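Enquirer: The chain contents come next:
2 protein chains.
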Amino acid sequence: MPKIAIVGSGFIGRGWAISYARAGYDVSLWDRETSAPEAAIGYIAEVLGDLAANDLLNGQTPDEVLPRLSAEGDLAAALDGAVHVQENVPEILEVKRDLYTRLDDLAAPTTVLASSTSALLPSRFTDHLKHRERCLVAHPINPPYLIKAVEVVPAPWTSAAAMEQTRLLMLEAGQSPIMMTKEIDGFIMNRMQGALLEEAFRLVAGGYASAEDVDIGIREGLAARWAFMGPFETIDLNAPSGVRDYVGRYDGMFANMFEQMKTRADWSGEVLDRIEEDRRQRLPADKLEERQKWRDRRLMALAAHKRSEEEKTGK
Amino acid sequence: MPKIAIVGSGFIGRGWAISYARAGYDVSLWDRETSAPEAAIGYIAEVLGDLAANDLLNGQTPDEVLPRLSAEGDLAAALDGAVHVQENVPEILEVKRDLYTRLDDLAAPTTVLASSTSALLPSRFTDHLKHRERCLVAHPINPPYLIKAVEVVPAPWTSAAAMEQTRLLMLEAGQSPIMMTKEIDGFIMNRMQGALLEEAFRLVAGGYASAEDVDIGIREGLAARWAFMGPFETIDLNAPSGVRDYVGRYDGMFANMFEQMKTRADWSGEVLDRIEEDRRQRLPADKLEERQKWRDRRLMALAAHKRSEEEKTGK
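If you're matching them up, the sequences are chains A and B in order.
All residue numbers for the first sequence refer to this note's numbering, where the first residue is 36 and numbers rise by one.
All residue numbers for the second sequence refer to this note's numbering, where the first residue is 36 and numbers rise by one.
Among the clues, some could well be false.
When chains are identical, the list treats them as one kind, so a pair holds in a single copy or across two.
[What the hints assert, rightly or not] Quick list of in silico lysine-lysine cross-link-like pairs, DSSO-like style, CA-CA up to 30 Å: (1) Lys347 with Lys322; (2) Lys322 with Lys350; (3) Lys297 with Lys328; (4) Lys165 with Lys217; (5) Lys217 with Lys347; (6) Lys350 with Lys217; (7) Lys165 with Lys328.
Because the hints were derived from the structure by calculation, they are not lab data.
Fair warning: this is a prediction, and the values are worked out from it, not measured in the lab.
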């Protein structure tokens, strides 16, 4: 199978390595910290066992997937022969710009250079490159081997061919690509998360709800539908004749609410004290790491549930 | 067990009847349309079979639950001896006001009168009542026997006793009550849904995303976490030291996005044509009803999944 290079083998790089190796690709891991790729492969070996136990390895055993991964100390060797480079280095503009200069020199001119960045627009760190048309963002939600959505975001100079090659690779790797036509701060997912969080902070700041009330309203309420339909299919099925019918019924209600949502709550002000107090009461600081492991188990169980339901009743 | 009266036995009333009967309450169903309560009980008999098959009847058989339901042609008889009235009539202010006048006369003075309204503030249809202190909103996400969140919303004159009695009833019925301290348009859940939909419409209107892109970003992305954590626990676990750490890292990013979110897209304008076209391409209008059944099966499967995971690894 073709080879993919992981540049930056921390938390996000590891996750990508699992997705690509599971799909059959040879995966070469590099990191500025020379011990990181080996550490990543050790971590991945453990995760592969969990994935197999949840039938999330496409019927393969961990022993079939693990040998596809290799640690590489030399960046040029890692990139040699790669059809796709997945970059996951820290979100520091100068670090990215310098790295992309090196990647653009070392990688074959048609190899796609894809950044996992969530915070930086692709135009900001690729404008100076000779082969900048093969650069784009492929932003996952972590971990990509359990959560399928990936935003594929072009800079103004990204070629259609690079976008299409990435779309096909994402499908091959079992992801669900969101193909953006132009870049915008926060892409799609962080913008929707931001819009929802803004209202959540406002509701807590206004004394209408606690952090836990908000979480109940999503986790025991709205997300029960969103988790397998998304918000547009949800409203399309929530009025007898579909989405136009829904808008006809509720547009006025939402227009009225919108007028009340134009002021931002100061996230770092007194409201944050209240939210933090609520959270720490439910989860002491020294239990955060344990709870993150619980979250990862639940994400895996939910991925297995969705896969099984989609096989039974369709997507 | 104590008795609960369902006033308005359409889609929402039926759902409540299942929740209450499953919890052991005797449930009396009334409707202005005299054939509706019998029809509701026929429908409920079918649903109880599905719930039993998914182990969502608390270990009971449908035959144990069904006899707790009874159709009542006379409103006074339906209310007689009820500890709680769950009202589910159309969202028309004058209809509600007139009905509450009757309910206030007929029900014992301490019986809680709870409305399922999503669109009307409780103060708007209870201000004129003699015993208005026992009136409130208990707004479910449908269907309540599968989706736990219920907003409990006081009018300015609602008593603490009525709120507390309702909170305990919701817990008894297996719901997750969100106890609001004062009323606001859209309560908690529709406000958060509205905030997210606003950004979704804006992204489609701006040509950044299709309706399907937005749905992928939630259903294959953000909602994978929200479905068992909610948005605040999600960000609390998404930075090493918790929510304050998260806000310190990302507040600037979200503040910048917020400035771009102050203009409303015209939901009923050209953007709606595009969204409807996208939806109808994926789901023809004559398949909406079939897809609603698919949704209900998936909601049931997700509820069963969450229940089983919570038993295994905690909430």
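Enquirer: Now tell me, hint by hint, if it's right for this structure.
Expert: Status of the hints after comparison with the structure:
Taking CA atoms no more than 30 Å apart as the test, Lys347 paired with Lys322 passes between copies only; the shortest distance there is 18 Å, against 37 Å inside one copy. Taking CA atoms no more than 30 Å apart as the test, Lys322 paired with Lys350 passes between copies only; the shortest distance there is 14 Å, against 36 Å inside one copy. Taking the closest pair of Cα atoms, Lys297 and Lys328 never come within 30 Å of each other, the shortest separation being 37 Å inside a single copy and 38 Å across copies. Taking the closest pair of Cα atoms, Lys165 and Lys217 come within 30 Å of each other only inside a single copy of the chain (21 Å); across copies the shortest separation is 60 Å, beyond that limit.
In the homo-oligomer, the alpha carbons of Lys217 and Lys347 never lie at most 30 Å apart, since the shortest distance is 36 Å inside one protomer and 44 Å across protomers. In this assembly of identical chains, the alpha carbons of Lys350 and Lys217 lie at most 30 Å apart only when taken from the same copy (28 Å versus 40 Å across copies). Neither within a single protomer nor between protomers do Lys165 and Lys328 lie at most 30 Å apart by alpha-carbon distance, with minima of 43 Å and 54 Å respectively.
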